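With the hints in hand, could you dock these two chains into one complex?
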Amino acid sequence: MNRRRFVLLPFGALVAGGAARGAPGARGAADVAYPAVVPGRALRFPDDEGSHPDFRIEWWYATGWLFDAARQPLGFQITFFRNRPVDTGGNPSRFAPAQLLVAHAAISDPQHGRLRHDQQLARGGFGLAGAAERMTDVHIGNWSLRAGGDALNARMAGREFSLDLALRRTQPPLLHGDDGYSRKGPGAGSASYYYTLPHLAVAGSVVAGGRTSSVTGTAWLDHEWSTAPMEPLATGWDWIGINLDDGGALMAFRMRGAGDGALWSSATLRGADGRSRTFAPEQVTWTPVRHWRSARTGATYPVGWRVAIGELLLELEPLMDDQEMDARASTGTVYWEGAVTARVRDRVVGRGYLELTGYWRPFRL
Amino acid sequence: MAALALAGYRNLAQRALTAGAWQENRGRLLLSVAGVALGVALGVAVHLINGSAITEFSLAARTLSGDADLVVRGPLEGFDETVYPRLAQLPGVDVASPALEFDVRLPGRRALHLIAVDAFRALRIQPALFGSEFRQLPALLESDAVVLSRAAADDLGLREGDALVAQVGTQTVALRVIAVLAAETAAQRVAYADIATAQWRLQRLGLLDRIDIRVAPDADTGEIAARIAALLPPGVQVSDTDAQSRQAEGMTRAYRVNLNMLALVALFTGSFLVFATQALTILRRRREIAILRVLGVTRGGVLRVLLAESLLLGAAGSALGVALGSGLAWLALTRLGGDLGAGYFSGMTVHLHQDPVALALYFALGIAAALAGCVVPAWQAAASAPAPALKAGDTSDTAAGARPPWPGLALLAAAVPLALLPPIRDLPLGGYGAVAALLAGALWLAPAVVEWLLGHLPSPRDAVALIAFQQLRGANSQLGISIAAIVVSFSLMAAMLIMIGSFRGSLEAWLEDILPADAYVRAGGAGQTGFLDAAALRGIATLPSVARTAAVRIQEIRMQPGQAPITLLVRDIDPADPRALPRLQPGAVKPRGELPPVWISEAAADLYGWRVGNEIGVALGGAAVRFAVAGIWRDYTRQNGTLLIDRARYVAATGDTRVNDVWVWLAPGGSVATLAAELRQVLGGAGLVDVRDAASIRRVSLALFDRTFAVTYLLEAVAVLIGLFGISVGFSSQVLARRAEFGMLRHVGVTRRQIAALLGIEGLLAGATGIAYGLVTGGAISLILIHVVNRQSFHWSMDLHVPALALAAVSAVLILAATATAMASGRQAMSGQPIAAVKEDW
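Chain order of the listed sequences is P and G. Following the working numbering, the numbering of the first sequence begins with 20 at its first residue and continues without gaps. Following the working numbering, the numbering of the second sequence begins with 52 at its first residue and continues without gaps.
Worth flagging that the hints you see were computed from the coordinates, not collected in a lab. Values in this document were obtained by computation on a predicted structure and should not be read as measured data. Possibly wrong hints are sitting among the right ones.
Which residues of chain P face chain G? A few of them, derived with a C-beta cut under 7 Å, are [stated by the list, open to error]:
{"no.": "1", "residue": "Pro104"}
{"no.": "2", "residue": "Asn110"}
{"no.": "3", "residue": "Ala141"}
All C-beta atoms, glycine included, are put in the ideal place defined by N, C-alpha and C.
Chain G extracted, bound-state conformation (with noise of 0.2 Å):
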């Protein structure tokens, strides 16, 4: 009987003992939860955006695939159609599709992805391309039929009946809409033709884009690929139809990973929240948990009941992350479009697709950090000796004491070998490594940094002043909790802040290198449908406001099977004009022998492992051409690799004398006003061409970047707060600890305003050396930011650009508020009885 009253006495106290806890620190459970909420949220929401990015693309390639096997795919202009009759005889193809698929300039819009087949066969391979009600085939055979998904009909303002105006080169061409698809059959913008009828009508005669291949149900796919590859020209390939999915996932999977990697910060940062509440509540329930142990409750019964603690608030952060992290991935996909305006798929509509399994990981993952924040802070109250915690005062062993400097120091040389270890699966998995060994090695080492660095300031005059230095000297383990919180904080915020900062830099001037000209004529992006024509060109050069041109026709060709393509970016170079390339890496020479020279980028030279004199083929007109590496350059556009040749080489090649964009040199007295209205003129049309002035492009791409990074900032200033709610955390400890000490000063006749002169100043010695010290980490690891993580994830280098007036003005905004939170966590000291206070120790 008696055991059981026990039993049910120690089940109430350990219920009162979590019910105080909980009302008396309602502030710092919250933001606890609001710490675990995050990381999660940012988690969720990461991988919300992107899994449906890669979903609807995934979706949209489907949609003309369909049960395909197989897919054969050459450069971005397409590939000569008479490979199509003897892919469709081959011995164990089913079915051969052949398509077109390009994007369609019209005049003054958005252009429109288009999808030209031949229906009798794309249907076979996939019968829901028009949805089942689709009964106007005969009509769609007609030479000027077009059929509008329902999104595009919307945004265009057509329905059947109408005419698309679309832009062929400088001319425009009317097509009929003949019909509008169900909503539910195309969740894209995109128009569907015949393919006889986009090969005319859109001067894409003789070429294909695609074809998709299915096998005979008894013939074996690998095999019929390896037969197809044997017939296909250079520059074509085949690959199974989950390459371009699979693509698209490799291409955005640096970007979400470098994402995931902030969430898991975030993440990480509400365990230590976690672990500083913990350390705090427990430390003020010492006493309880003394008096629970002495009642009968089992080391084992407090760990649980401490667990089960973390386990709610963790539960709770982890639940409101889910929720917060679904919405935020709602709402950029409304806003911002999956990429998060990265433009890894612009132009796709975007849905929210819903990943179950997924959510309960990261929801795992949350209660996961939130356990692993409270296990040592409970393992000690647990483990802890019941009679002295009983007596009053007693704030013994919180966290570590001292420890030898050799793991820090370990830590700190293993980052220098995992900073130099190349990417694993494309991914800086050493970068990783070596900012987490880093950072911990940073955190190991502060204590002991911190008080040599408290060593070796002068000894001030003032008594108040005194006392906290010493107070500092003798660092104890809250004040670790501040310092550790104040340099993890600092750090990352300041890493972030130099890399940002570089890559902006970087950016301006690479944009100066490659906008050497006045203006820039645009007839088209690559692959569009508008372009200009040698008599354009000609036309244009010759404009009154025209001093110089220069021509540039921009492609995408494969080079090898399942790989993104590469951009071949053609201009005419003058050899001569150092201004004429981008800024090169050191190391270009003259190529040996004949051969011309091409210039690739640092993620050409990185994906394909070219250097400098290299030899390369290129595929150009359905041959390969023989080209020598004469220099790598920057190119902060194409992630998937560029290759930049001279135009009259391409020309010779290829015959195509179509360009995309136009470089002006303005006369004197010419301006980007006077020529757009002469090309208006030339042209005879308006909206056939853009027409910008370099500022203009500078001025856009500088405001892409700093939306593309506007998420790193908000990030910056969550840290922030972490890193006050340290210094309040490790305050409010150490005054706890502290009140005897306080209370004798009191006595001894020390005014309240001292006491807060006094933890205020501490306050400031402590922000103002985590800082420091903060600074030194995080300047080391914007290094490995820099060269490494940024340089393995994008394929792109950059120079070094510090902020130093962002750092010294966060610097001291930082220092000021953690004097500011000591003092404010010091005022629950000044308001008991100073008698009582020192009575407490008797």
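Just chain P, same shape as in the assembly (with noise of 0.2 Å):
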């Protein structure tokens, strides 16, 4: 048998819970007693920066720019996931599933030409895997983001790359939506708190393709909790987290529904005087400019873009075409997420993440 086959899993299923419902014998999450994502609840920090294991869903989402001695630069995401997948009916047995975790990273090197990525799963409890409250200290056996002292420390070691980075705040924490209540549509059912930690100061080595890197930059860190992040017509979404250059945020998204009609929109914009505005639905287009075909699973992204939120007219081009994440073989979903760069009538003015789900088939979380 092969040793280097990973984990078949439908995790993707998994990481939603009810989503295997309507198949038969599943039912746990339908009678799950999960709280509502309802507005008015004020974020508290340190606090809200840890898990809250009521709820269905929780990730934190590490992305950034990295830039080795020689300034190639080199994009990274790290991201772990919280997942309440059943009702354990008091199950007193320690390896009872109240909590499922999902870690997830991969680096985009343009040397490299594609994402090499790695995956860790398991059942939380025994110390092997957890989520800390109150503070963020989320592990997977040696895969772990914690936090300590001002920095979030993010280790993973895979099977193609290695990743052990301090990322050090400077900024307070960006709120999206109504003070953190993030809305994903436009019924008042699917929302999420929504907060991040943007213009993080990363140090720290890249181990990949047999050398190891000392490499500097930024990044970004979202931290978001719900029990009905999608809406239930959404088909996918396109998502940006931008870091720009004079100190300010921008963060946007857009929920698509069947034939890739935008359903639901949002940004939040902090300037870098601190001041941070949202944005209605209406105030946000996004429109693609250029397209990339993968031959892997012969899926269209596109991966150029000019975004309009309010005034601001930004153009986006990725750090290299394929970025695309094949998890056919353990998620079973394919999407694109990737490094970009963002600029203002050519002039470079930050750089970014960018996302896009939903266009090899509809995308479920």
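If you want it as structure tokens, here you go:
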């Protein structure tokens, strides 16, 4: 048997828990009393940086740009998902599947030409995997994201690459939507609590392709928890998180329905002065300007964009075209997630990450 | 030109020689082929059945362990789960996958094997665990979910969404079938569940049965195993993943080798049949062979023709045997299971796995046996001078003439040290050697002994009988074949009869010993989810039908890494009551000091080298507890050894108050039926416990014994046939040789009836002396089988029980059959013209 063969798991379904609803015997998620995401709940720090185990799903999503000693750019992404899949019925077993943890990591190296990625999946417990409350401390085996001092330490060791990065806070949290209450569609039911730590100063090392590189850079950490993070009609979304060179930060997303029409859009822009504005759906427009087709999966992605947020008109170009995440063998999904440069009238104004889902097949969280 | 023509003629002549002989001897040739076929078939069947069972066992073991490198296992009731995170975090451990694996008791149904895992870890080691189409992982996490294999679902008549009612203790719990796996994913009757579900619903909280370990690609497996071993509590051991299959193989090896020995005996008799047939046909074709030699066919040519004949015989027999054996294996697997009912693989569905290499080997072995049987007569035929052979009536030198007795005596003497050898690689090779030496020695000495025996019988007055006596006293070589055939077949048969009789007799006595109570209440076998707790025990003790009870706990624990687990029998023992203990070997002593006593089975003594008075450490409740061996007892049920300890000690060490069985002595007026009714009442359900009386357990045990040995009875019947065949061949050769004699007797007025009587008496005498001699030889062989082969193979002793009646009956039948066969073989002597027969001589 191939030792290298990795987990053959439909874990995309697991992350959502209820995704298997309708399948015979699946009834767990419907029975679990998950708390609702409601407006008006003030986010408190640092407590809300920790886990919210009662909610169905939660993630800590770090993305960013790194540069080695030769100033060669490298995109990275490391994510921890926490999922409360079923009602354990009060099972006293220490193995009771109260929480599942999934971790994902990828690096975009233009010299390699495509993503290197890896993943972990485990049930919480026994100190082998878990997400702590009241502070950022989430881990699966030797993959971890832990707060320590003014930094978050992200570590992972995969088969093709390893990351060991310290992400130092330089700015206060950026709250999205209505003071952290972020709606995902026209229905009030689909929403999440959502904040970002932008402009994290990164220092650490990357091991890939048999080389260890010391790197520095700038990162972005999203933390979001929810019970229903997706509008039932949505088939995918486009998302950006950009650290602007002037110290500002921009987050924008749109949920797409059938026919790729926008179901919902939202954006948050914090200026260099520290004041942030949120934008209503009609103030955000996404216009694709360049497409790339994956020979691997046949999917076509709009990798070049013009995004209008209020008066700001941003042009997005990827670090490299092939930043497709082909996770059919593990999660059963394919999406595009990669480093992008943001320009205003041909002038670089910031760097960040672009996520494109639902272009291969309708995406279900 | 002439040479070529001659060569062509020679070829033709050779073919004519062969074809003629085959037509004349069709019956005997067919029997020879059948003999070879039988030996090959038996060997093939034993090999295929066991090979298939082992393959299936390994496949089932691999279903879970996948590409794991190491596996951690403990006692049957599991070990503390806290060891798991420590192993999982050990550097060099890539994946540690915890699992529970046990039999779930289903009320009124055969128990169901359950494997409970943390799928997120198990699937990293074994991606194919649930098959590629499985999409129900989220549902599997629900706290009452189970997945069934196709075989389990079909057997239980359950479908997706149905409830699976499991027994835990004496309660039931309903689990929900969320999916049925595709038939090709899991061949066995098995259920899967999440580990948390199994721990909670089936009352194994805090326990694990195994942890499968995959070692990191750059780590050294041996080194990691050593580091793991250092972390494990007593009684929990790490081994490589093949250890289990190896243990299964080791466990069945003695059984397998013994059956293979029977196959070898069958092949040997096949070889003997070929020898007898060829000896006879060569005798008949002496003149034809001599003519061929005169015509210029070389000795080598004659030898080649005769050997080619045997090759054909062997090939035909082998082909038939391979086909027959495969069919037999298939039949046995579908009807009896992978262990022929011996219980090694109970509960497992075994499919026939073909093994072309082994089949080819057995095919070759059959041919070799046929060739071996032919070599001596063919060599003699080729070597004999053609001129005397052309003379009518010459029938000299087919088998060896007079021979010195010392090789026979040396062989007999060699049997003694061979029988005293210890087992080699757990096999009684010395014992087999002793049997072979004894048999060979007895055969060598057979003519001399028979001659001596007949010499000491008084001569009869009747003229015909006197001729028969004189004929036998001058015992020629053809008669030697008859007597040898009887000695071989009867001694083996007698040995088997005595051995099986002894085993059965000992088993009956043992069953009396081991079942002292009136009734036996079982809530679940070893390791099953059914058990009686302290409250249920108290409830049973106070039932009106019950006078007295003794509780029994059955555990399996591990003594040494890589070795099969040993059974721990825990019982309420009253040390003052000698009947509380099974039959002990003499030499039991009061243990020294304050150590609690343990009574060990003979297998435990043999396998671990323990003696009375030894101190041994037994892992109880995660700690090693010292015991002193107080006695060695006989256990006919568990080949891997059994330890018997007092229940009070066990409960004190482990806190485990659950029991599997309760022995019940009935109160006056109580019966098994009233007890069963009261139990239903107090437990609140039917089918939760089995209630059996001692007599029915004895009956079932003996029936199982008889079924297991059914195959040997068949072999005995075959042995008898072979013996009779030998007599037939011997007498036919004789009659051929004595045609002139019979012609002369007819000439002087002896009637056909009298000649038939003459042959009959000869057959009777040959049969009786052969059987007497065979009985002595067989008795000696049976002692080796009982005290060496069985003891070393299965690690249990038995007392000698001679089935005198059966032996006498078989002897009488054989003597009668020998007489009849001799007369029938002689019939052709009476069919020809006496004048012509006498004339042939001149």
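These are the hints, each one checked on the structure:
1. Pro104: At about 6 Å, which falls below the 7 Å cut-off, the nearest Cβ of chain G leaves the hint on Pro104/P intact, so it holds.
2. Asn110: Interface hint status for Asn110/P: holds (5 Å vs cutoff 7 Å).
3. Ala141: Holds, because the Cβ-Cβ distance from Ala141/P to chain G comes to roughly 5 Å (cut-off 7 Å).
No hint from the list above goes unmet by this structure.
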